[in-house]
Structures are given as C-alpha cells and as structure tokens.
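Q: Please construct the entire structure, taking both the sequences and the accompanying hints into account.
Using our numbering, you'd call the opening residue of the sequence shown number 427 and step up by one each time.
Just so you know, nobody snuck in bad clues.
Straight-line Cα separation of at most 35 Å, DSBU-like style, residue types lysine-lysine; simulated pairs:
{"no.": "1", "residue 1": "K430", "residue 2": "K534"}
{"no.": "2", "residue 1": "K442", "residue 2": "K534"}
{"no.": "3", "residue 1": "K436", "residue 2": "K449"}
{"no.": "4", "residue 1": "K476", "residue 2": "K503"}
{"no.": "5", "residue 1": "K442", "residue 2": "K503"}
{"no.": "6", "residue 1": "K449", "residue 2": "K534"}
{"no.": "7", "residue 1": "K436", "residue 2": "K503"}
{"no.": "8", "residue 1": "K476", "residue 2": "K442"}
{"no.": "9", "residue 1": "K449", "residue 2": "K476"}
{"no.": "10", "residue 1": "K430", "residue 2": "K476"}
{"no.": "11", "residue 1": "K534", "residue 2": "K436"}
{"no.": "12", "residue 1": "K430", "residue 2": "K449"}
{"no.": "13", "residue 1": "K430", "residue 2": "K503"}
{"no.": "14", "residue 1": "K534", "residue 2": "K503"}
{"no.": "15", "residue 1": "K436", "residue 2": "K476"}
{"no.": "16", "residue 1": "K430", "residue 2": "K442"}
{"no.": "17", "residue 1": "K503", "residue 2": "K449"}
{"no.": "18", "residue 1": "K534", "residue 2": "K476"}
Hints in this document: simulated from the structure, not taken from any laboratory.
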Amino acid sequence: MAPKLETIPKRADFLKAARACSKGARGLVLQARDRGDGAPARVGFTVTRKVGNAVIRNRVRRRLREAARLELSQLAKPGFDYVLIGRQATIDRNFESLLGDLAYAAGKIHMSGDRREGAEGRR
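A: Quick look at the structure:
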C-alpha cells in the first residue's frame, strides 16, 4: 500500500510552492518545492472560481486528491511540498489520462535542475 501523503497546512507554504518549480499538463498544474528537510512529502490542492461553482470545484478537488493518492504517493520525494491546481479540463478528463498528466508533471519537475529556491524573495 502506498504511503499516505500529509497535507500542507498553511497558506504561506502554498505561496512558497507557487514561487518554486511549476509544470503544467493538460488536466492540471503541479507546483513543487524542496523544503530541504527529510520530512514526509506534503500535498495541497487548489481550484479557482474560474473552473466553476462550488459543486464543480469540489468534484475537481476530489479527482485531484484521488490522483495524488494513487500516483503522487509513489512519485513524491521526501522533503517536498506539492500543490495540484485544478483546471477546467480536469472536470471531463479521463481519469487514466489525469494520472498520466500527474506522472508527467512530477517526472518533469524532478528531472528539472531549476528548483528556483532563491526566487522566493523576487516576487
């Protein structure tokens, strides 16, 4: 069984992840930040009002949460914060394709040498 991912508790941690590395795919956007500690990976979810009303946003969030449970729990590295951002395409995207989008984005982020850790103070 896959390890359970912890959730990101504070808005400040979401903002730090937003200033770090980001990779978009058709069904989602994945932001990741290396916290630099060996603690378990954490994950957070966000969906803007542009995607739809509360019912649709919650559906998107549930789909992202399940995708993270199945896929990201296998790919996550200790000491990282991951933020999954729902898109309009997340609603109708085939779930297998959504899992592929997440795997693609995570692979690109971890292969990337650009972590932009120093970029936190630039915005």
